[in-house]
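S.K.: Given chain A, put chain B in place with the hints provided.
The lines below spell out each chain.
There are 2 protein chains.
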Amino acid sequence: MAWFLEDSFAKTDVSISDIFSRNKEQGQLLADACNANFVNDVAYLDDNADITFVALRDDAIALVANQLKTSSIVAHCSGMLSIDALSSHKDRAVFYPLQTIIKNDLPVASQIPICLEASNAETLRIVESLADKISHHVHFINTEHRQYYHLAAVMVNNFTNHLYVLADDLLSKQNLSFDLLKPLISETARKACLNKPLLNQTGPAKRDDRDTIDKHLNLLNQNMELKELYEKITQSIFKLHQQNEI
Amino acid sequence: MAWFLEDSFAKTDVSISDIFSRNKEQGQLLADACNANFVNDVAYLDDNADITFVALRDDAIALVANQLKTSSIVAHCSGMLSIDALSSHKDRAVFYPLQTIIKNDLPVASQIPICLEASNAETLRIVESLADKISHHVHFINTEHRQYYHLAAVMVNNFTNHLYVLADDLLSKQNLSFDLLKPLISETARKACLNKPLLNQTGPAKRDDRDTIDKHLNLLNQNMELKELYEKITQSIFKLHQQNEI
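Sequence order for the protein chains is A and B. All residue numbers in the first sequence are consecutive under our numbering, ending with 246. All residue numbers in the second sequence are consecutive under our numbering, ending with 246.
Isolated chain A, as found in the complex:
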């Protein structure tokens, strides 16, 4: 997340004064990338910065935020953590980019929804002006709603990617190529961005095609865990489409 913020703000007129990290090597690399000072103790962070981002794991955020002496804005970037994790700071905010972020393949910020929350109107105005510099999709979202978005994000990213992993594994074991699935993966995502996903559903589970389902289950006899997952998701699709009668 810190690398994403650096990469995004480096393209704007925002200047980054200090980088703190417990990992000295990574912290120094990041600081070098944005011409900032690297500090290895939060006590040395610039108290006069307009905003301090605590871009850490959820369980470290409150701990580090409590050590910050700044009287200006402190923001975290978590999808799940309440804004109250920063309650030791009067001017606190959440700055949550709703995207999967991997350091060596950073996404382009402009299309990413940035979910903002702040403890007061003036703080919200400032974080909004920052978010506007990097994204065209800035939203005001409270903690409860942000948590629902995070859960939905886990479903469409982590869970979906896990299905890709399992499909890759299934094909590899037969010496078959995952490459043949790539046009289908792209098309499935493209359609979800155009139509309501319910209208895009096809396949044996939706139409209760027991013959095809049984053949698939047979192919999974050597893979009981995937077989069980296949059955659960198939049941879930069948039930939902029976309810919707489509």
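Keep in mind that the hints were calculated from the coordinates and are not lab data. Since the structure is predicted, the reported quantities are computational estimates derived from the model, not experimental observations.
A pair holds if it fits inside one copy or across any two, identical chains being indistinguishable in the list.
Here are the simulated DSS-like cross-link-like pairs (lysine-lysine), alpha carbons at most 25 angstroms apart as the crow flies: (1) Lys103 x Lys206; (2) Lys191 x Lys173; (3) Lys103 x Lys191; (4) Lys206 x Lys191.
M.R.: Frame of chain A, contents of chain B only:
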């Protein structure tokens, strides 16, 4: 599937002589679209056609194929059905486009993998020359391997789309917008086409972040079915990444 074949071959020098369908209205529409004759009885199909596609549901293919009098090639387009479903024809083939196909939003054929199988070399040569006219990705795949591809396709399309449906439903119930997930959905698919999906996995299940997982499960207390599915997929991710120690 018939609409996809018509749409794809219409852009080539292949001429379509006859269309048979049990649905008179749809069959006539399709025939009109490709300047073909509509026939409502297989007995009236042109016996001299080079190839007859039986683009029907799996359970109807053998039935209709057995009624065909043609001595030229008969092909089906199923992912799961054996080529032997056409065993009443000496020159039989499978022509399976590995893609999700919905009539009112047909995919572009050129990027779609076409999986071919045939009962003899000359038949394979002819269906290959046909497939080459519409796609740059033609593969020779036997029935067993095609069935694995079909199963994997169900996982990355039907199952993935079902997760989109459930995420849409979850957000709708909170009056939140599925639109915010779209950049994430696109990015997840894009990454799967670039790297091995195992390397793209992120999220609470992979890192066994119980705090986040418990918060998600709490949000699902009113939706026991999705809660159970969430738990199953989370367990599956956790186990797999524990095994791989990444």
